[in-house]
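Trainee: Fit chain B to the given chain A structure using the hints.
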Amino acid sequence: DAGVIQSPRHEVTEMGQEVTLRCKPISGHNSLFWYRQTMMRGLELLIYFNNNVPIDDSGMPEDRFSAKMPNASFSTLKIQPSEPRDSAVYFCASSPRVGNYGYTFGSGTRLTVV
Amino acid sequence: AQSVTQLDSQVPVFEEAPVELRCNYSSSVSVYLFWYVQYPNQGLQLLLKYLSGSTLVKGINGFEAEFNKSQTSFHLRKPSVHISDTAEYFCAVSANSGYSTLTFGKGTMLLVSP
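Note that the protein sequences, when read in sequence, are chains A and B. If you count by the working numbering, then the first sequence holds residues 1 to 114, one letter each, in order. If you count by the working numbering, then the second sequence holds residues 1 to 114, one letter each, in order.
Just chain A, with the same shape it has in the complex (with noise of 0.2 Å):
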């Protein structure tokens, strides 16, 4: 198994711009979370699905933010317009359900907006 793929790496972009961040959960797996690192607040959950279906995303910093599962085995993380701030990791995770086993981690992405 390839693990969790997330693209891109790395995304330096400008204030303003529209960024897309991907992921591929592992197959089988029905959850998948988005999570953001920053060295202030640490790991903070932003959104998670279940079978597709969003089921939390008061971790959405704010509506500038928007996440979508269109199907089982592909998800993006949308931040439009990017500032500055929203600059740090942002990880996806897949675990076979919610809450009772341990998450795979994709490599993450580290987004950079100048």
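Bear in mind the hints are in silico, worked out from the structure with no lab data behind them. Since the structure is predicted, the reported quantities are computational estimates derived from the model, not experimental observations. All C-beta atoms, glycine included, are put in the ideal place defined by N, C-alpha and C. Be aware that one or more of the hints could be misleading.
Reference excerpt, derived from the structure (chain B facing chain A, CB under 8 Å, subset only) [as the list claims (entries may be wrong)]: (1) 50; (2) 58; (3) 106.
If the Cβ cut is set under 7 Å, some of the chain A residues that face chain B in the computed set are [to be verified]: (4) 43; (5) 45; (6) 54; (7) 55; (8) 59; (9) 74; (10) 105; (11) 106.
Mentor: Positioned in the frame of chain A, the structure of chain B alone reads:
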């Protein structure tokens, strides 16, 4: 809701010495507990997990952790560390019910020197 406190942000230790990384959690319900490791520029990797049963849990790379319900702790230990153990270690908690997700601590940086 659950919360995790990792008492040390950084732990320096010499190679071949024992180490303990401390983790305390707070929850009003039963929990599952996890330790993850993050090497530089990589995603998080599951070290070990406590779901039920024996309170002493063994993980990969010679690490183990002990669940202490009365002290609400889940400290991570290794009897003899290697240079390659230098990484950031995250304790995480999940409620043992429903659509629960992982809540992470701020992390402890383990620095192993020769």
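Trainee: If a hint holds in the structure, say so; if it doesn't, say that too.
Mentor: Each hint tested on the structure:
Among the interface hints, the one on residue 50/B is violated; its C-beta lies about 10 Å from the nearest C-beta in chain A, farther than the 8 Å criterion. Taking 8 Å as the C-beta cut-off, the interface hint given for residue 58/B is violated, the closest approach to chain A being about 14 Å. At its closest, the beta carbon of residue 106/B sits 4 Å from a beta carbon of chain A; the interface hint therefore holds under the 8 Å criterion. Contact between residue 43/A and chain B, as hinted, is supported at the beta carbon level, the nearest pair being about 4 Å apart and thus within 7 Å.
Here the hint on residue 45/A is kept, as its CB sits about 6 Å from the closest CB of chain B, short of 7 Å. Among the interface hints, the one on residue 54/A is violated; its C-beta lies about 11 Å from the nearest C-beta in chain B, farther than the 7 Å criterion. Taking 7 Å as the C-beta contact cut-off toward chain B, the hint placing residue 55/A at the interface holds, the least distance being around 5 Å. For residue 59/A, the suggested interface contact is broken, since its CB lies about 9 Å from the closest CB of chain B, more than 7 Å.
Nearest Cβ of chain B to the Cβ of residue 74/A: about 18 Å, over the 7 Å cut. The hint is violated. With 7 Å as the threshold, the beta carbon of residue 105/A comes within range of chain B, its nearest partner Cβ sitting at about 4 Å, so the hint holds. Against a cut-off of 7 Å between C-beta atoms, the interface hint on residue 106/A holds, since the closest Cβ of chain B lies about 5 Å away.
Against the hints set out earlier in the document, violations occur for numbers 1, 2, 6, 8, 9.
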